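Chains W and Z supply the protein sequences, listed in that same order. Under the working numbering, think of the first position of the first sequence as 694, with each following residue one higher. Under the working numbering, think of the first position of the second sequence as 6, with each following residue one higher.
Derived by calculation from the structure, the hints in this document are not laboratory data. Note that this is a predicted model, so its numbers are computed, not measured. Any given hint might turn out to be false.
Unchecked claim - Label pairs and their in silico Cβ distance ranges:
id, chain 1, residue 1, chain 2, residue 2, range
1, Z, Arg449, W, Ser744, 17 to 27 Å
2, W, Leu736, Z, Val441, 28 to 38 Å
3, W, Ala729, Z, Val277, 11 to 21 Å
4, Z, Thr615, W, Pro804, 21 to 31 Å
5, W, Gly817, Z, Ile109, 38 to 48 Å
6, W, Ala729, Z, Val387, 30 to 40 Å
7, Z, Trp33, W, Thr837, 22 to 32 Å
Unchecked claim - Derived lysine-lysine pairs resembling DSSO-like cross-links, with alpha carbons at most 27 Å apart:
id, chain 1, residue 1, chain 2, residue 2
8, Z, Lys582, Z, Lys535
9, Z, Lys428, W, Lys783
10, W, Lys726, Z, Lys428
Beta carbons: idealized from backbone N, C-alpha and C, even for Gly.
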Amino acid sequence: MKENAMEQAQGLNRPGRSRAGKNQGLLSSRNAKFFAGGAIVVLALAVLLYSSMQGSTVYYLTVSELKAKSTAGAAEDVRVAGKAVDGTIKWDAATQTANFEVADQNGDKMPVIYKGIVPDTFKGGADVVVEGKLDSQGVFQAHTLLSKCPSKYEPAQ
Amino acid sequence: MSEVGYIALIVGIVVSAYAVFALVIGGWKGYPELLASGKNAALAVAGLVVLGSAILFYSLLVHDFSLTYVYDYTSSDLSPLYTISAFWAGQEGSLLFWALLLSIFIFIVSWQFRERQKELMPYVLAIMTGLAGFFIAMSTLVTNVFAKEATVPTQGYGLNPLLQNPGMMFHPPTLYLGYVGVTVPFAFGIAALITGRLNDKWIRDTRSWILLAWFFLTLGNIIGGQWAYTELGWGGYWAWDPVENSSLMPWLTLTAFMHSVMIQQRRGMFKVWNIALIVITFGLSLFGTYLVRSGVLSSVHSFAPSSLGTYFMLLIIGVVILSVILVVDRFPMLRGESDFGSVVSRESSFLLNNLVLAGSAFAVFWGTVYPLIAQALQGKTVSVDATFFNTFNGPIFLVLVVLMGVCPLIAWQKASADKLLRKIGFPAVVGVVAGVVAYVLGAREIYAATIPIMACGFVAATLLYEFGRGVWANSRRLGTANLLRAAGNMVARNKPRYGGYLVHMGIILLVVGVIGSTTYKVEKDVTLSKGQTTTIGGYTLKYEGLSQVQTTANEAYEAKVVVYNQAGQQIDTMLPKKEMYQNQDQPYTEVAIRSTLSEDLYLILGGWDTNGASATFKVLINPLIMWIWIGGVVLSLGALISMWPGRQEARRLESRFARELAARKEAPRQPALSES
Numbered sequence: 694m695k696e697n698a699m700e701q702a703q704g705l706n707r708p709g710r711s712r713a714g715k716n717q718g719l720l721s722s723r724n725a726k727f728f729a730g731g732a733i734v735v736l737a738l739a740v741l742l743y744s745s746m747q748g749s750t751v752y753y754l755t756v757s758e759l760k761a762k763s764t765a766g767a768a769e770d771v772r773v774a775g776k777a778v779d780g781t782i783k784w785d786a787a788t789q790t791a792n793f794e795v796a797d798q799n800g801d802k803m804p805v806i807y808k809g810i811v812p813d814t815f816k817g818g819a820d821v822v823v824e825g826k827l828d829s830q831g832v833f834q835a836h837t838l839l840s841k842c843p844s845k846y847e848p849a850q
Numbered sequence: 006m007s008e009v010g011y012i013a014l015i016v017g018i019v020v021s022a023y024a025v026f027a028l029v030i031g032g033w034k035g036y037p038e039l040l041a042s043g044k045n046a047a048l049a050v051a052g053l054v055v056l057g058s059a060i061l062f063y064s065l066l067v068h069d070f071s072l073t074y075v076y077d078y079t080s081s082d083l084s085p086l087y088t089i090s091a092f093w094a095g096q097e098g099s100l101l102f103w104a105l106l107l108s109i110f111i112f113i114v115s116w117q118f119r120e121r122q123k124e125l126m127p128y129v130l131a132i133m134t135g136l137a138g139f140f141i142a143m144s145t146l147v148t149n150v151f152a153k154e155a156t157v158p159t160q161g162y163g164l165n166p167l168l169q170n171p172g173m174m175f176h177p178p179t180l181y182l183g184y185v186g187v188t189v190p191f192a193f194g195i196a197a198l199i200t201g202r203l204n205d206k207w208i209r210d211t212r213s214w215i216l217l218a219w220f221f222l223t224l225g226n227i228i229g230g231q232w233a234y235t236e237l238g239w240g241g242y243w244a245w246d247p248v249e250n251s252s253l254m255p256w257l258t259l260t261a262f263m264h265s266v267m268i269q270q271r272r273g274m275f276k277v278w279n280i281a282l283i284v285i286t287f288g289l290s291l292f293g294t295y296l297v298r299s300g301v302l303s304s305v306h307s308f309a310p311s312s313l314g315t316y317f318m319l320l321i322i323g324v325v326i327l328s329v330i331l332v333v334d335r336f337p338m339l340r341g342e343s344d345f346g347s348v349v350s351r352e353s354s355f356l357l358n359n360l361v362l363a364g365s366a367f368a369v370f371w372g373t374v375y376p377l378i379a380q381a382l383q384g385k386t387v388s389v390d391a392t393f394f395n396t397f398n399g400p401i402f403l404v405l406v407v408l409m410g411v412c413p414l415i416a417w418q419k420a421s422a423d424k425l426l427r428k429i430g431f432p433a434v435v436g437v438v439a440g441v442v443a444y445v446l447g448a449r450e451i452y453a454a455t456i457p458i459m460a461c462g463f464v465a466a467t468l469l470y471e472f473g474r475g476v477w478a479n480s481r482r483l484g485t486a487n488l489l490r491a492a493g494n495m496v497a498r499n500k501p502r503y504g505g506y507l508v509h510m511g512i513i514l515l516v517v518g519v520i521g522s523t524t525y526k527v528e529k530d531v532t533l534s535k536g537q538t539t540t541i542g543g544y545t546l547k548y549e550g551l552s553q554v555q556t557t558a559n560e561a562y563e564a565k566v567v568v569y570n571q572a573g574q575q576i577d578t579m580l581p582k583k584e585m586y587q588n589q590d591q592p593y594t595e596v597a598i599r600s601t602l603s604e605d606l607y608l609i610l611g612g613w614d615t616n617g618a619s620a621t622f623k624v625l626i627n628p629l630i631m632w633i634w635i636g637g638v639v640l641s642l643g644a645l646i647s648m649w650p651g652r653q654e655a656r657r658l659e660s661r662f663a664r665e666l667a668a669r670k671e672a673p674r675q676p677a678l679s680e681s
């Protein structure tokens, strides 16, 4: 309220501002309450944003990066991007398991075992992302397999 | 023939440049002749785009494979409807399609405002025509929709099977109608800044455009989800993919805008905010195209990367800079005409709604572009997974739902807490009962299900209660016992309000569908030999064998799965397929879905053993998913009612708002004259 009084006093001293107090826009005490409330909401949103980011971002590794880290048997999930090697894909319908190799640009390869149904776009040479863990035998046990055709909606030229 | 189309478009670019020049200079300096010639030039551009588009339609329909575009996206055995839809199936065509919609809107807007808004119209037309010029240039100079094949092929390449689906016929046009619809209020907003006519006239005059854009944007998102659900075959409808996000972001900001303009109309406040929101919405609708076309992010919609992205980025930057300069320059004129009422007021609930919607849009934006930022700063490839978007948006959407219930109960400017508490009692009780019933029935996830259902029950009760109260009062006023007549009369007298209620009801149904299908989804991968059964939820599925069947595809395999209920009665036979198409080196999954109001049984054929002695399936149960589509229909109806033109009504509301605003300027501390 003190602020408001000061505002009004200042306003009255300035010519052309006779409606001070009522129309001071940002600073009238009535509006100040709303800006304080708005600031609290914005702050809450920022906190929510920050906390939602925790644990939701995953780094992609290449096969060679994964091997360099060489933490076989580590507890944390990793995501590896590469290409499914042509001719290495074996699908076992009885156990719904796909065995294949993933290679990166340097030609580094690793065997992958994925349990589940493979996406339509999955085939030799397709870009794939596998998510899971490297086991102690150096085999990547994937629980997620994403696959992307380089040109899905565009015809091959 | 196609040469004519190409030349028409090239001429269109030149004429659009002239139109912008003539309209801006003519409007600014007040040369009536230059202005008239600018207007004609704008109409000429629109006409040329229509001509060019008509020629592309014609080339598609007669299968003129000498055109690369026709060759790339169609074949002579493609059905006529999908042949037409090929217009927007590819990059070049969808850019021209954008220009076409914009041109049609140029015609409508110049007719609609032939007598009104004389000061604003030159700039509005200049902005729309300039944009049309940009899109024509993109579809002819950067990529060429009328490019020719060196040798004329006898057969086309064919349309991608994923796009041969009714959802894909309607999804891009509805979304584009939404994006392009945003252009109209954007152009008016900028024109209002330029001319300094910054009262709410531009908002009132573009009200139907705002609603129309929102209607199509909403529909486009829902149809996109439906398409993903039935066609992409992974069992869901929304994956927070960059392309999905890019159509959600403008929806969020446009929804915020639709609400905050009401405050400007009622109270003359939030002027800068409203301008900012419409600029951001427009920018985001361009940004979506940028993301899709530039190939900077990986997405299910992986279009070939092209230089188009750069031009779109330049356009976005240009739009933002122009808008910021204008806002800064006009800042003194953008002062609020009154200030907030009490803390418990309709304004404050709208303010909260806006902050939350804008926050959500920002978070979706952040999550979408974060991989780009991380790549630039750390040189690492990062992905932000769906948990981020769900964790952030869960609480946000809950707040929004609760607001939808509270808002109609609060008066403008000054509402007393007592009065609110009295009114809130009944809906609150209904909400609690809904939550308890849901809990007893098995919705035990307190945060993911029970509380959201409670909120939904509360909102539904508020809306029905307010509606019922209105009908009752109106039947008394009319002196009729016919409640149906009273309801019809009441809705007709205030369509924006009751259309809005129906939209909110649709959203509630949609939210119920989302809660059910995300929290209680069940899935299972299973391999079955012929005659073997598996059980999921209340269903028992029996695999009865694989057969080759005739479809539009070259080769198609169909598994026969018989569905039994818990009592052992046969209730359905489902036929999931895998299809192989010519020219496509991957199989396409055709899922089988058994939909009921309570849940969908969703069956994907994964693969099979030699001769189909055994087959692998992914089986999902998606509870309540049908309510998402029902909610979509309900909210579309609501939006239609809301924007249905009613001149008398518009005038009545207009004069009432003006009266109220004037009265408040006189005595700003007075309580509201009448409640909403």
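So, going through the hints one by one against the coordinates:
1. The given range of 17 to 27 Å is respected by arginine 449 of chain Z and serine 744 of chain W, whose C-beta atoms sit roughly 24 Å from each other.
2. Evaluation of the 28 to 38 Å hint for leucine 736 of chain W and valine 441 of chain Z yields a pass: the beta carbon distance comes to about 34 Å.
3. For the pair alanine 729 of chain W and valine 277 of chain Z, the supplied restraint of 11 to 21 Å holds, since their beta-carbon distance comes to about 19 Å.
4. The supplied range of 21 to 31 Å is met by threonine 615 of chain Z and proline 804 of chain W, whose beta-carbon atoms lie about 25 Å from each other.
5. Restraint check, glycine 817 of chain W to isoleucine 109 of chain Z: a C-beta distance of roughly 47 Å satisfies the suggested window 38 to 48 Å.
6. Checked against the hint of 30 to 40 Å, the C-beta distance between alanine 729 of chain W and valine 387 of chain Z comes to roughly 36 Å, which is consistent with it.
7. As the Cβ distance of tryptophan 33 of chain Z to threonine 837 of chain W is approximately 58 Å, the hint placing it in 22 to 32 Å is violated.
8. The hinted pair formed by lysine 582 of chain Z and lysine 535 of chain Z meets the criterion: a straight-line CA distance of about 16 Å does not exceed 27 Å.
9. The hinted pair formed by lysine 428 of chain Z and lysine 783 of chain W fails the criterion: a straight-line CA distance of about 65 Å is larger than 27 Å.
10. For a cut-off of 27 Å, the pair hint linking lysine 726 of chain W to lysine 428 of chain Z stands: about 25 Å separates their Cα positions.
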